[in-house]
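J.: These are the residues of each chain, in order.
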Amino acid sequence: MDSFTPVASTLGGLLIGVAAAGLLLFHGRIAGISGIAGGIFRREPGDIAWRVMFLVGLFTAGVVWSAFFPLDYAFEIDRSTAALVVAGLTVGVGTQLGSGCTSGHGVCGIGRLSKRSTVATISFMATAAITVFIVNELLGGSI
Amino acid sequence: MKIKIGAFLGGLVFGIGLAIAGMTQPAKIVGFFDFFGSWDPSLGFVMGGALLVYTPVYRWAVRTWQHPIWAPKFSLPTRNDIDGRLIVGSAIFGIGWGLGGYCPGPAFTSVGAGSLEALTFCGAMLAGVGLYQVFMRGRENRTGEPADRQAAAMIDG
Chain V
602 MDSFTPVAST
612 LGGLLIGVAA
622 AGLLLFHGRI
632 AGISGIAGGI
642 FRREPGDIAW
652 RVMFLVGLFT
662 AGVVWSAFFP
672 LDYAFEIDRS
682 TAALVVAGLT
692 VGVGTQLGSG
702 CTSGHGVCGI
712 GRLSKRSTVA
722 TISFMATAAI
732 TVFIVNELLG
742 GSI
Chain G
49 MKIKIGAFLG
59 GLVFGIGLAI
69 AGMTQPAKIV
79 GFFDFFGSWD
89 PSLGFVMGGA
99 LLVYTPVYRW
109 AVRTWQHPIW
119 APKFSLPTRN
129 DIDGRLIVGS
139 AIFGIGWGLG
149 GYCPGPAFTS
159 VGAGSLEALT
169 FCGAMLAGVG
179 LYQVFMRGRE
189 NRTGEPADRQ
199 AAAMIDG
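So the sequences go chain by chain: V and G.
Numbered by the numbering used here, the letters in the first sequence go through residues 602 to 744 in order.
Numbered by the numbering used here, the letters in the second sequence go through residues 49 to 205 in order.
For the record, the hints were derived by calculation from the structure and aren't laboratory data.
Computed from a predicted model, the values in this text were never measured in an experiment.
For glycine and all other residues, C-beta sits at the position ideal for the given N, C-alpha and C.
Accuracy of the hints is not assured; some may be wrong.
In silico EDC-like links for lysine to aspartate or glutamate, alpha-carbon gap of 16 angstroms or less [to be verified]:
(1) V/K716 x G/D129
(2) G/K121 x V/D648
(3) G/K52 x V/D648
(4) V/K716 x G/D131
Simulated coverage check for chain V against chain G, where a stretch passes if three residues somewhere in it have a Cβ under 8 angstroms from a Cβ of chain G [to be verified]:
(5) 610-621
(6) 634-643
(7) 654-662
(8) 667-680
(9) 713-725
Work out the full structure: start from the sequences and follow the hints.
T.: Here's what the structure looks like:
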């Protein structure tokens, strides 16, 4: 538990909640990152600009914040390029098939008291835990 | 124009929240699921903090607001049934999340921070999203009806 950050994580969580609530109040949209990104590929007229701008904002946050706090983006787990590619592909396909990710199901969906999102969150939490167990306990933390 | 600035600001605040919360460090994601090693409960506090704000705001807005400030209507998920796609898709996502330590939000914002690992992950992720969307559209064209009714209507998040 050496890296446990309850105060910073709660504060960051509150900010995430504010951003998601803002998108709902101002634009009437669910702040699910995979849904926002996936919608760009559907190319519906008039439905693309806000998605792109949200992702540009997310990207800009990384540009600006990392200038002051580069360690907040440290990659300290042992993963090969192949493992990262497989991880990215499964996250890409899985979030589209399951219509949501941590933000869409885990925050907005549970916040809406949605049964679907609660089930989805349990599902991805369970397989994430199994995957981490296999990598950390059976493969020694490196893949 | 203001709608686009609003979406930009939403993404900006979301990304800064992720960084402050520690969610842009894959070690903290993996740590949350490392029950047999050095467990890091931080992710639970992030979700708790976000829900503390979002849950009451959502209830208040959908009950009392006629429409959002800059849009004619709320675009919200309507489905309530549990299907195989939801469970299997989410399960596939969880495997990648545990493997790479990134979910879509932290991955995007970490690319902005110049992380090469995030760039590799994000490239593959967008390929996965694109492959899925192209496959679904191909199926629609063959059957002549939306195969992906859920995405065609409204996705969950």
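J.: Against the structure, test the hints numbered earlier, and report the numbers of the ones violated in rising order.
T.: none
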